[in-house]
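Protein sequences appear in the order of chains F and Y. For the first sequence, numbering that gives the first Met the number 0 begins at 0 and goes up steadily by one. For the second sequence, numbering that gives the first Met the number 0 begins at 0 and goes up steadily by one.
If you are wondering where the hints come from, they were derived from the structure by calculation, not from laboratory data. Keep in mind that a hint or two might mislead.
To be verified - Taking lysine to aspartate or glutamate and the EDC-like style, the derived pairs with C-alpha atoms no more than 20 Å apart in a straight line are:
| id | chain 1 | residue 1 | chain 2 | residue 2 |
| --- | --- | --- | --- | --- |
| 1 | F | LYS300 | Y | ASP59 |
| 2 | Y | LYS163 | Y | GLU63 |
| 3 | F | LYS300 | Y | GLU78 |
| 4 | F | LYS300 | Y | GLU87 |
| 5 | F | LYS225 | F | GLU242 |
| 6 | F | LYS300 | Y | ASP79 |
| 7 | F | LYS599 | F | GLU627 |
Unchecked claim - Computed footprint of chain F on chain Y, listed as stretches where at least three residues anywhere in the stretch have a Cβ under 8 Å from a Cβ of chain F:
| id | stretch |
| --- | --- |
| 8 | 52–66 |
| 9 | 110–118 |
| 10 | 182–188 |
All residues carry an ideal CB built from backbone N, CA and C; glycine is no exception.
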Amino acid sequence: MNWKWIFLMAWRDSRKNRSRLFLFISSIILGIAALVAMNSFNMNLKKDIDAQAAELIGADFELESRRQPSEEAMKFIDSIKGLSEDFAKEERFMSMIRFPKADGSRLVQVRALEGNYPFYGEVETSPKNSFQQFAKEKGVYLENSLLLQFNAAIQDSVQLGNNTYAILGNVLSQPGQAAISGTMAPSVFVPIEQLENSGLQTTGSRIEYHYYFKLPKSFQVDKKVKELENRITELQLRSSTIETTKENTGRSFEDMASFMELVGFVALLLGCIGVSSAVQIYVREKMISVAVLRCLGTSAKQAFYIFLVQFAGIGLLGGIIGAVLGSLIQYLIPLVMQDVLPVSLSTGVSWLAILEGIGLGVIIAVLFALLPLLAVRNISPLNSIRVSDKEESLFKDRASWWIYLLIIGFITGFARLQMDNWIQTLVFVAGVGITFLLLYGVAKGFTYLVRKYFPKKWPYLWRQGLSNLYRPNNQTVILMISIGLGTALIATMFLVQDLLINRVKLSSEQSQANMLMFDIQPSQGEGIRNLAKAEGYPILESVPIVTMQLQSVNGTTLKDVVSDTSNEVSSRAFRGEIRATYRDSLTSSESLTSGKWVGKVGKNDTASVSLDKGYAENIKVKVGDKLEFNVQGLIVPAKVSSIRQVDWNRFQSNFRVVFASGTIDQAPQFYLMMTKVPTEVESSKFQQKIVNSFPNVSVIDMNAVLKVLQEILDKIGFIIQFMGAFSILTGIIVLISSVRISKFQRIRENVLLRTLGASRRQIYLITISEYLFLGLLSALTGIIISLIASYLLAIFVFESVFVPSIGMILLLMFLIVGLTITIGLINSLAVINRSPLEALRKE
Amino acid sequence: MSSTMILQVQHVFKNYQIGENKIPVLNDINFEIESGSTVSIVGPSGSGKTTLLGLCAGLDQSSEGDIILNGIKLTGLSEDKLAQVRNEHVGFVFQNFQLLPTLTALENVLVPMELRGMKNRQKDALDLLEKVGLAGRADHYPSQLSGGEQQRVSLARAFANKPKILFADEPTGNLDAETSLIIEDMLFQLNKESGTTLVIVTHDLDLAAKTQKIIPIKGGKIQ
Numbered sequence: 000m001n002w003k004w005i006f007l008m009a010w011r012d013s014r015k016n017r018s019r020l021f022l023f024i025s026s027i028i029l030g031i032a033a034l035v036a037m038n039s040f041n042m043n044l045k046k047d048i049d050a051q052a053a054e055l056i057g058a059d060f061e062l063e064s065r066r067q068p069s070e071e072a073m074k075f076i077d078s079i080k081g082l083s084e085d086f087a088k089e090e091r092f093m094s095m096i097r098f099p100k101a102d103g104s105r106l107v108q109v110r111a112l113e114g115n116y117p118f119y120g121e122v123e124t125s126p127k128n129s130f131q132q133f134a135k136e137k138g139v140y141l142e143n144s145l146l147l148q149f150n151a152a153i154q155d156s157v158q159l160g161n162n163t164y165a166i167l168g169n170v171l172s173q174p175g176q177a178a179i180s181g182t183m184a185p186s187v188f189v190p191i192e193q194l195e196n197s198g199l200q201t202t203g204s205r206i207e208y209h210y211y212f213k214l215p216k217s218f219q220v221d222k223k224v225k226e227l228e229n230r231i232t233e234l235q236l237r238s239s240t241i242e243t244t245k246e247n248t249g250r251s252f253e254d255m256a257s258f259m260e261l262v263g264f265v266a267l268l269l270g271c272i273g274v275s276s277a278v279q280i281y282v283r284e285k286m287i288s289v290a291v292l293r294c295l296g297t298s299a300k301q302a303f304y305i306f307l308v309q310f311a312g313i314g315l316l317g318g319i320i321g322a323v324l325g326s327l328i329q330y331l332i333p334l335v336m337q338d339v340l341p342v343s344l345s346t347g348v349s350w351l352a353i354l355e356g357i358g359l360g361v362i363i364a365v366l367f368a369l370l371p372l373l374a375v376r377n378i379s380p381l382n383s384i385r386v387s388d389k390e391e392s393l394f395k396d397r398a399s400w401w402i403y404l405l406i407i408g409f410i411t412g413f414a415r416l417q418m419d420n421w422i423q424t425l426v427f428v429a430g431v432g433i434t435f436l437l438l439y440g441v442a443k444g445f446t447y448l449v450r451k452y453f454p455k456k457w458p459y460l461w462r463q464g465l466s467n468l469y470r471p472n473n474q475t476v477i478l479m480i481s482i483g484l485g486t487a488l489i490a491t492m493f494l495v496q497d498l499l500i501n502r503v504k505l506s507s508e509q510s511q512a513n514m515l516m517f518d519i520q521p522s523q524g525e526g527i528r529n530l531a532k533a534e535g536y537p538i539l540e541s542v543p544i545v546t547m548q549l550q551s552v553n554g555t556t557l558k559d560v561v562s563d564t565s566n567e568v569s570s571r572a573f574r575g576e577i578r579a580t581y582r583d584s585l586t587s588s589e590s591l592t593s594g595k596w597v598g599k600v601g602k603n604d605t606a607s608v609s610l611d612k613g614y615a616e617n618i619k620v621k622v623g624d625k626l627e628f629n630v631q632g633l634i635v636p637a638k639v640s641s642i643r644q645v646d647w648n649r650f651q652s653n654f655r656v657v658f659a660s661g662t663i664d665q666a667p668q669f670y671l672m673m674t675k676v677p678t679e680v681e682s683s684k685f686q687q688k689i690v691n692s693f694p695n696v697s698v699i700d701m702n703a704v705l706k707v708l709q710e711i712l713d714k715i716g717f718i719i720q721f722m723g724a725f726s727i728l729t730g731i732i733v734l735i736s737s738v739r740i741s742k743f744q745r746i747r748e749n750v751l752l753r754t755l756g757a758s759r760r761q762i763y764l765i766t767i768s769e770y771l772f773l774g775l776l777s778a779l780t781g782i783i784i785s786l787i788a789s790y791l792l793a794i795f796v797f798e799s800v801f802v803p804s805i806g807m808i809l810l811l812m813f814l815i816v817g818l819t820i821t822i823g824l825i826n827s828l829a830v831i832n833r834s835p836l837e838a839l840r841k842e
Numbered sequence: 000m001s002s003t004m005i006l007q008v009q010h011v012f013k014n015y016q017i018g019e020n021k022i023p024v025l026n027d028i029n030f031e032i033e034s035g036s037t038v039s040i041v042g043p044s045g046s047g048k049t050t051l052l053g054l055c056a057g058l059d060q061s062s063e064g065d066i067i068l069n070g071i072k073l074t075g076l077s078e079d080k081l082a083q084v085r086n087e088h089v090g091f092v093f094q095n096f097q098l099l100p101t102l103t104a105l106e107n108v109l110v111p112m113e114l115r116g117m118k119n120r121q122k123d124a125l126d127l128l129e130k131v132g133l134a135g136r137a138d139h140y141p142s143q144l145s146g147g148e149q150q151r152v153s154l155a156r157a158f159a160n161k162p163k164i165l166f167a168d169e170p171t172g173n174l175d176a177e178t179s180l181i182i183e184d185m186l187f188q189l190n191k192e193s194g195t196t197l198v199i200v201t202h203d204l205d206l207a208a209k210t211q212k213i214i215p216i217k218g219g220k221i222q
């Protein structure tokens, strides 16, 4: 094979087609750019997590307990403290904060600290370095969002529990916390010793205890943790080291980055289909040239390689441009992602990502051009003297099956690199395949139906516009698929967002209550009732809560589980605190799935408990099993009498463990109450009154939950929109490319129409109607797919009713149609405005 | 085989299958062409003359019968072997000129030489363009040339690989009368100079009359 000549011919032939070839490849540039951007982001993130791992945890080693550690656990903690260079302690819990000046309050996460935490990294504040004064003055440090919300300033007073504090600093960032994590409950830093008399550390307060250790450099912490693993579990503690934090953080964000890369990959695949479709038309136009070359003695292989080299070259160029563009786009990613990341994100050129992008450009251009290029091998030299329209089906060409296999292999291989295992990979590949087939089916179905049932009595201009979509060499279906997929991604994102918000709204509407008050001490119950009564709000629920731990399951204790890993019972069953209640009847959100409901037991009878179905499955317990609970030091044996299905979606109190009345009624307990407050303003006022009179009581207001949810979804949604936009943009480029490819055909059509007397206005109308139909069909294709996807998500993932928002769908459709018409029309102007004579001369 | 015969067509049949129907296009064609001679195949539209040219030039395979070109039996040769035969022995001139639109005039002439692996033939190609009077338009693309000029480039290209036999399919069919005469003169002149056998397919009887032998064909049969 004379490769030099093949390269020379590829180069020569490309000279007159470069702008067109570039247009073909431009549809993959965006996909490559998306991938390179995400890949660079992923690599930088990995680097950042590695570099900032110590700051993520703030210490070398951390032990955590969901309840007050036992004496034995404290001894263990002290033993590690003895090995440490430095030690710090944190008590973390939810509480209400009150801003007297603004007369407002809000649920916050109190981070009460003792010691020099963090040992690594810093709590960034304004005024700068003010956190160094922590615990030296009486005061708290608040997250910026709190200061903004209540228009508060440094040195203003805030109330936490019974205590009043001065604001000493505005917390801009804290180790290991993403900005978004404070959306529900922003952090408030306070020294532990200053919490004295606040009344916040009372019975029932759900406090997490964290112990931070700074260890000598020579200390092999991960090795030690491995040795102490069983002991730590036995003591019901949880441990983290820099290494485990790095792994956990890395893993969760790698998953996110991989997901985004896969979305980018789907955009790239769309572009590839665009390339393939454009190359097919290009090859058809090249038929005579190839036939002449064959007459002159070029072999079929040589002719095939000339074009293959051309597309590999243009793929290389596309890869380079995509990689450069992607490297630039990654500088925008921190703007979108920083809020959800716990590390400060750096940007920088990743040569590996760039090389991958370029390689991908070449591979994908060659792979997807190969299919239509196969036809080049079959072009007969006879075509030079007699034009034949005979088209051989690709499916009959055995080589095409190998190429299909190569493409599937490539997609699978690429997906496998992003995913953890083969099952996920195959599910993704099958998912992409099914989605494309579905898109293709819907697009084909629509084009068929519209053509078949289009009103024949409609004005000529409309009919002509529609029939333009079916002109030879049209790319209608590929355009519908690419614009449709982008629409589907964005529409699904909006529909799911809507679905989640509606679910919360619905739950609030279904429940009579819209405000939840918790951490109420028995002595405060009466006071709150009176307060509500005075305002005219009903107390709809008042539920006692008793905190306890699981001691044994059918005689198996945590110690047994730790010493025998083959044990069926999971050590997780013993971890954490159980908040149980007691009552004599089921609530409206509960139904029995097995066993018999026991509402009351005698004083000397064995306690009877009913478990939530999910919880029972989790700890592998069934009706009749025997459990032992440690109720604040007292061991209470109990028998599982029933398993309940609980509707956790309802805004009402639900429990994993419900005791029959008669056993734990006298145990130390606190209360949860629910009420209904008519308006947002009244809700805010009532919250103030509660916080004023009962500072330790926390309040969750349904309206606030909705707002927070909206805020979180908006932030996450934006990331998906960002990737969906790549798909839409790819569709637009395929659209521009398709208009350009059919340029000569369009000129001929328009010249003919103009010669027959059509005015410029009429030609405009025909063109607009063509893109109107295209936009409508594409948007409909996407929306149908998104409705199917959202419906399935609603039923199987969110277990919710699906009521799509018609307004949102119509708006999206309007935008997509508008965009298609604008882009199509702008690209057709040159054709429309050409004079018939000029065009004829050109002919 | 006679050593002076460049082309022998022996009992050639060609049928096309359209659906279930077999359409006969050529029916038992027999003739021989002497090396260095000029021959024209004439006949009305649809008579099968272009099909016959395609078979003789190795662009297509006959349904039955043999075609021997310069001693090479074309029947049963693979497409790649046929391509080699075309490159080494055959030249073409087409009615629609069929220049490669993406190549300049010079490059169009160079292609057959390059395909044979002949290097540094720029000067030969330029000489050929000189002979057809287009040396000054060597760097022009086909779209920048008139119909007559394009056909002149096509003539230069046809003689570039020094073919033993040149097939011309209605070489003046797309040209006006005046330009046609110029092209015809050039074709015969170049043919004479290079000693090539010339086979012209045409329905222009005046052009046919300029050749030494006329093969009339009608309804797929030689008359």
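(request) Would you list, in rising numerical order, the hints stated earlier that this structure does not obey? (result) 2 and 10
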